[in-house]
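Peer 1: One-letter residues, chain by chain:
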Amino acid sequence: MYHAGTFITGKSFLYKLDPRVKLAFIIVLSVFILWSAPIQVYFLGVALLVAALASKISIRSLAQSVKPLLIFIILIFLAHALFSDSNSSFAGISMSGAHEGFIVVLRFLCLIAAAVLLTMTTAPSALIAAVKYFLRPLKYLRVPVDDIAVMIMLALRLMPILLLRKEKIENAQKARCYDVKKAGLMARVRSFLSLIITVLLAVFRRADELALAMEARGYAREERTSATTMKITPLDHAAIIIFVIAAIIFMALKYYLS
Amino acid sequence: MTRENGSVRGIVYAALFGALTAAGAFIIIPLPPVPITAQTFFLNVAAVLLGGPLGAASQFIYIMLGVVGIPVFAGGKAGLGVLFGPTGGYLIGFIIGAFVIGFIANRKKDAGLLWYVFSMSIGMVIIYTIGVVQLSFVAKLSLIKAATVGVLPFLPGDILKIILAAIVSVKLKNRIKV
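Protein chains in written order, with our numbering: chain A, 1 to 258; chain Y, 1 to 178.
There is no bait here: all hints are sound.
Chain Y regions said to be covered by chain A (calculated; three or more residues, Cβ under 8 Å):
id: 1; stretch: 15-27
id: 2; stretch: 84-94
id: 3; stretch: 130-143
id: 4; stretch: 158-168
No wet-lab data here; the hints were simulated from the structure. Note that the structure is a prediction, hence the values are computed from the model and not measured. Beta carbons: idealized from backbone N, C-alpha and C, even for Gly.
Only chain A is shown next, with the shape it has when bound in the complex (with noise of 0.2 Å):
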């Protein structure tokens, strides 16, 4: 299973970020990107980039972490281009629409790639502190912030298992001749059907075992120690000035362009 915006280890300064600084930087970012003027995006797009190049991470990577989304992206840019109110047009697409809607792209497009570099530079557990940290506050809510980290490590967990039951199964069939592509509509339903029930009566016993064994371990529902420890070092100390000189700068540019 390949996919882009995975994390690959490394050793570049992204890397050596606090996550939960990184996942501070991309929330903030994230508002940025959709409520900055039209100039702006375009720079805050070449930013992106430079980030990326700086951190070794590949173009190449982040224009595949795209490509799913492709056809959307043509969507959202037809949506602008041909519906726009604008009188001016040429041939039924009108130029400030499109220009418009270039904008909406870019935006997407920037968003994509912050979230792309956040999470090929962070590992999946670190992640999960960083979640489990700003999801601290819900605690007071009476929220159980600890029991959704566990929660999010089972599912990482059960995510490959459920697949390979589900692929066990469809060669199962395969292996008695069944042929999905030669049946008809009514016979394609009852097979998904007899597939999803089968796959999930298997999976529902291995959530008993598991909260069997849980239990017998002695879980418990309360505050829990992790083994991820997290440490803001000078270099987090360092980004978080320049980043929040840049959000200045940045903020009174939009204030003086609008």
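Based on the hints, put chain Y in the right spot on chain A.
Peer 2: Same frame as chain A, but now just chain Y:
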């Protein structure tokens, strides 16, 4: 899900359905003309079988899997940016929708196929509403344009998934104890 009534089993099942919804991005229901992914199918089943709070928790877990970088959002997307992006509203809707579906479905004892279809339809309306509002806001489209891009293409598939999910839920509801 509070500390008092949530069991370890509940935790495991919410995680399981979060993982199922995520895996749903890679499970394609082979139907012509457009193959559809099984994600909202699992959302519906999770909500009905787990009930409101745990169903909502399972969808929260699903979104967190995406946030930490597993490409489980529609179209192989991942990351926090997606939540703020044009399609993020649907994902936030998943949590609220799952809660409502579970809540309505469990209002009635011995609920049958029709009741499940009804509660799932209400949930889907909620998900679409939140999704379209965010789509129109982020992509700067009018509400009607946003609905044309963001609802119509998915409606037939979702109706089918609701029916399939209701059938599966009826068959499995006595096999699961949370």
